[in-house]
Structure formats: C-alpha cells, structure tokens
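Novice: The chain contents come next:
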Amino acid sequence: MIVGIVATASFFTMIEAPPLFKAKKKKELWLFSILLLIGTGLCISVSLDIVIPNPLDLVYVVFKPMSRLLDNLLK
Amino acid sequence: MANNVKISLRQFTVLIMFYTIGTTILVIPAPLAADAGQHAWIAAIVGWLLGLLVVVLYVSLGKLFPQMTFIAYIEHTFGKWLGKPISLFFIFFSFVTSSIVLYYIGNFMTTQIMPETPIGAFVILFAGIVLMGLRLGLEVLARTAEILFPWFLLLFTTLTLFLIPEIEIQKIRPIIEIGFKPVIRAALVFAGTASLPMVVFLMIYPMSLNEKKGAGKAFYTGTLIGGIFIIIITFLSVSILGAELSAKNMYPSYALSKKINVGNFIQRVEILMAGLWFLTIFFKATFYAYGFISGIAQVFGCKDYRPFVIPCGMIMIAFSLVVYPDVVYMSDFESTVYIPFVISAGLLLPLFVLITGLIRKRMMNNQGVESDDE
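Quick note, the sequences are listed as chains A and B, same order.
First residue of the first sequence: 1, per my numbering; consecutive thereafter.
First residue of the second sequence: 1001, per my numbering; consecutive thereafter.
Hints were generated in silico from the structure; no laboratory data involved.
Some hints could be false.
Below, simulated DMTMM-like cross-link-like pairs (lysine to aspartate or glutamate); rule was C-alpha separation at most 25 Å, straight line [to be verified]:
1. A/22 <-> B/1334
2. B/1248 <-> A/71
3. A/27 <-> B/1304
4. A/25 <-> B/1334
5. B/1181 <-> A/71
6. A/26 <-> B/1304
7. A/24 <-> B/1304
8. A/64 <-> B/1334
9. B/1248 <-> B/1304
Chain A on its own, in the form it takes in the complex:
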C-alpha cells in the first residue's frame, strides 16, 4: 500500500518536476514539493488508519451558532 503511494508520488514527480526545473520556476517547484509531501503523508496515514484531523470539525465549531440561529428563525 505504502509502496504504491510512494511509487505514484515519485512517478508524477518524474513527469511534473523536470519541466518546472528546466524553466527555473523555483516557487512552483517548492509549492509542488510541499503539496506532494503533504499529499503523500496524508495518503499513507489514511492507509495506516492513523487519525488525521477532519476539516469538517472546524466547520462545525465555526458555524454551529449560525446554524442554531437559522434553526430558531425558521421553526
């Protein structure tokens, strides 16, 4: 599983990175590597059943009051 993920990641690096490298787009290259690192890390932790934070919990915290307000208005 992990091998597959890492293989996929390195395969796409081989496709995407050389043109960026040739064009000397440093910023793009940095962003690409960081995003790829995050992506690979997340995929591996999901495949190992490691709990990763759920963005929807954040949405819950922020929007719960507004949702209650809406409920009271429309009930």
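On the provided structure of chain A, position chain B as indicated by the hints.
Specialist: For chain B alone, coordinates are given in the frame of chain A:
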C-alpha cells in the same frame, strides 16, 4: 493564468447546467421532502428562484471585474494582507466540498451498487478522471460537457417518460395547506446545494469566455435549465414515492428509478439514473477541485495551476476518506452546519467583495487617479 483559455457561451451554459444538476439530482429530494413534506416541489421552485438571485450577484461581480479571477479580485479589493486570509477561506470551501463530492461517489457506489468493493477504490478511480480532466485544462472539460449534453438529455427524457405512468397525484395533496417557514428552509437547502456552490465559477467567469457579451445570459440560462431538471425530479419523487419515503431514502431519485416498470418488460433500469449522476457529478467534482487547485496556485502567485493538480488531488483523496466518518455525521452536517457554511462562502463573501469593490470604484472616480495607491 488562464488567459488563453476560451470557452464558448454554449459550452459555459452546459457547464453551469451540469454543475447545478450534479449531486443535487440524487440527494436533494430527501432533504426537501423532510422539510417541506408534499410541498417539496414548491420548495424546489422557490429555491430555484432564490438561485437566480444568487446568479444576479455573481453576474454583477463579473461585470465589475471582467478580467480577473475571484482570487485576484479579492486581493485587488482588500489588498494583499487582508486578501490572503479571505482567499484562503474560499479555497478551504472548495477543498472541503470537493472532498465531500468524492466521498458521495464512493458512498453511493458502496451502498447502492457494489457493496463489497472498498470505498477507496471508487474514490481513487473517480478522482483519477477528475484530475485527468483538470490536467488537460478547461477547454477540454468544456468540450466534454458539450458532447455529453445530448446523452444526458436522452437519459433524462427516457427516465421521465417511463416514470410518468407511475405518478399518483393524491400523494402531493393537499397543496393548499402550505407553511411558509418549512418551504423557505427547504428552499435554502436547495439553493445551498444547487446555486450557491456556483461561486467557484467566478474563477473562470467572465474571464475565460470568448464573448463577454451575453455571458450573463448564459449564466442565467444554465441555472434555469438545470433548475428545471431538479424540479422535475423532485416532483416525480414526491408524487411517486410519497413525501415520507422520499425523506427517508438517502438517494430518493435512485429509489425512484427502481420503480420503472413498462409492461413488466422494461424494469430495473436504475443504473441509467446512476449514469446521469456520474455525468453531472463529474463536472461538479471537477469545478470544486478547480477552485481549490487554481486558488492555491494563485494565492502563491503561480501562473499555471497544472503542475499542482496531482499533489492536490492526493490531498483531496486522503481527505475524502476522512471527511465523513459515517452516514449519521454526513446527514447531520448536511442538515445543520452546511447551510450557513455555504451561505457565507457563496453569498456573504461575494456580496462583501462586491460592496467593497463598488465603494472603492466610486472613491477612485471621485478623487481621480492619484489616490490609486494600494
């Protein structure tokens, strides 16, 4: 960034239409029927009209900033430092929703069609197509939409015609005892699923269209036609399954198409419905992902979003397996927090940008050019 991308108005209309229909067509009858009972179809019409109001907002934003993407005009109106966090909120919204849509596909397949396959398989396959489409660019997506449109129309018409004999009109009675508040609530759910997410189209509208004139009209037409399909499905669902059964089903329109029975011969064609759904949800997932990926690229000042498609796609896949731990969480999220979330991303945020933009424009006109310092 996408300056050389040109989409024709007809392609844009079809894209908007598919986007309105995607996910909405399969899930919306349930919450509508839960809130508004047998008046679900009336609520759908109200929601459709609300959606048009939302489009008015988007079109006027497009008029104010004809040559920029949404991220660019957020930064233009609020300046660099205030603009970035606001853009990040927009990116967060499209990221979360794109993960959710991927989860939908996986959940639908595992609960309804292939129960023994793990959800990850569907998510990865579907995300693969979405990322491929994004990698090839907007023009390819637009042309795909144009080609798929007749197929969609054919499938939908077949489905509707086969379902007409099953309609039992007493199921939508009594029409007269209609509550105002439940209908408004249901209409909000409708607008939240069908119209408000169209905020991601501000990333391409009207900059990537080949004709600026008539772009607004294309936006309206797409929303109108898409809404009509949803209203038809909601009406069929309530009048065939009844309000209660529609509300209890997770995918009422799928259950609906199981009812098709023409002369005991044409039966069990529900996979047609699923086909309709795959076509439309592809565009929904793609444009959410487009909002996310091109948003990230622009916030960091990169010209082209394409190198980041694959890494962002991996993040999306990982999170789509995490966003909804179970279906209870999903239905709770959908019926409570999702509505204010989508309202603030799809209505308040553009409204805020529009008002600030108008004020700045007026100030600049009054004080002349020299005050143009950012």
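Novice: Look at each hint and say if it fits the structure.
Specialist: Hint by hint, here is what the structure shows:
no., hint, verdict
1, A/22 <-> B/1334, "violated (46 Å)"
2, B/1248 <-> A/71, "holds (21 Å)"
3, A/27 <-> B/1304, "holds (12 Å)"
4, A/25 <-> B/1334, "violated (41 Å)"
5, B/1181 <-> A/71, "holds (10 Å)"
6, A/26 <-> B/1304, "holds (13 Å)"
7, A/24 <-> B/1304, "holds (14 Å)"
8, A/64 <-> B/1334, "holds (12 Å)"
9, B/1248 <-> B/1304, "violated (45 Å)"
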